[in-house]
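Construct all of the structure, not just a fragment, from the sequences and the given hints.
So the sequences go chain by chain: L and R.
Numbering follows our numbering, in which position 108 of the first sequence is assigned residue number 108; successive positions increment by one, without gaps.
Position in the second sequence (first residue = 1) + 1000 = our numbering.
Treat the hints as calculated values from the structure; they're not laboratory data.
Note that CB positions come from ideal geometry on N, CA and C, so glycine has one too.
It is possible that some hints are incorrect.
[Claimed, not checked] Okay, the calculated beta carbon distance ranges per label pair:
(1) L:S79 <-> R:L1016: 50 to 56 Å
(2) L:S103 <-> R:I1040: 39 to 45 Å
(3) L:L4 <-> R:L1288: 48 to 54 Å
(4) R:R1283 <-> L:V105: 49 to 55 Å
(5) L:P39 <-> R:L1291: 28 to 34 Å
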Amino acid sequence: MSILKQLMHKCRRKSPWLFHLNTGSCNGCDIELVTCLSPRYDVEQLGIHLEGSPRHADILCITGPVTRNTLEAVKTVYSQVCEPKAVVALGSCPASCNVFAGSPVIEGPLSKHIPVDVYVPGCPPHPDAIINGIARAAEILASRGVPEKAKGEPQK
Amino acid sequence: MNASGLIQLFVFPGLLFAIPAGWFYIWGEHKAVARMQQRIGPPMLQPFYDFVKLLGKRTPSRRGIEADLLRLWPALSVLSLAGALALLPVFPSGHGFSGDGILLVALLELPSICFILAGFTSGSIYGEIGAIREAVLSVANNLVFLLAIVTIAVTEKTFRLGDLAGPSWNPGHWLGVFGILLCIPAKLRLNPFSTSSAEQEIYSGPLTEYAGAALGMWELAHGLEWVALTGLVATLVLPVGGPWWIHAILFVAVSFGEVLLLSAVSAATARFTLQRSIQFYWRWAAVLAVLAMSSAIYMRFRS
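Here it is as structure tokens:
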């Protein structure tokens, strides 16, 4: 690996910016994600930063079981995050639809619609587990780089 | 342009110094706010990591004039700030020119105009709201900023930056410096005047549609803006003369002191609404600035 590639690998690992998308979550996982930014957990020391725009983000954090209303939003926001990107499914809902499985208004699990890199199970997951999941996603993101097939493809 | 001018543009206080210094100041602000909130805060190289990472991101492919303009605005901001840094009289050795203070004010204002235009060019509704807020805030704080600069110029009887540099016994000089300090939070979009890029409220304001290298250029411009604005105050308060290296160290120390002061203000305040921000500048700060300038003009005619 050349020095430049090593540098880029390190910078991607050290600077994962998040975009948080709620796809019909009960708000439990959202509260736990925001807790990670608080002084007790302080994810800023890992370079993690919650961004307002999906265009700025590297990691898409998705909570909720993907309701019918939010399905299009999930696909749009996923396409708006620029390559290289990773997806973290927070909580049991995006992984298995949890207690909502079988409901006619639920389009989950999330992996049916977009590729998921890291699952953080729990209802809700502990903030330590969320930080661990994001750190793993940052590692995946760093080793992934920009995929060749995505070059030149227009994004929404 | 002579050799010392080129050194000022590219080495000190120009790009070679200002880019790392800008990252250092941004880190200083984040770290100071984190420490005030009892957090550990980011590592020192965080702004560098962010910048390199953004350079390696794939950006959405756009075509047409809009794509060119979206790339032009951050580049123009960086260029104008590099020019502003080259004009800063860190070592007032007489290579400035008559009226370079006016050019400095114009170059410091250009990034704000580019920020507004970026918001309108992006076509995003959040970008447009952010651009309108920035435009209104810019009109509000520039009244005070210009009055402060004019106050200093009237007390020193010149617009030449080399002659404005250094402390003075005249109270008008210090009132002017205070006026500039009042405007810096609005120019750097820090709390309580962060309404134009209010994150989570209007996403990221004018930068909502930016990604990858162009966003990295905006981060770079923001760092240079920190160096230029804190450096302007530092040159106005630091005594002239002495060995150049002591002067350079003092310049960085005073600038970093300002960064810590602005961080404390930013950590201690919540975001003002746009109306509150305008009220602050037009109702309180402008009265102060007008009084300062009229007293400066009065003193000049008396002497």
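To see whether the hints hold, each was checked on the structure:
Between L:S79 and R:L1016, the C-beta spacing of about 39 Å breaks the proposed range 50 to 56 Å. Separation of L:S103 from R:I1040 is about 42 Å and conforms to the stated range, judged on CB atoms against 39 to 45 Å. Distance hint check: the CB atoms of L:L4 and R:L1288 are about 52 Å apart, consistent with the given range 48 to 54 Å. Taking 49 to 55 Å as the suggested C-beta distance range, the pair R:R1283 and L:V105 conforms, at roughly 52 Å.
At roughly 42 Å, the beta-carbon separation of L:P39 and R:L1291 lies outside the given 28 to 34 Å, and the hint is violated.
In summary, the structure is inconsistent with hints 1, 5 from the numbered list given earlier, while agreeing with the others.
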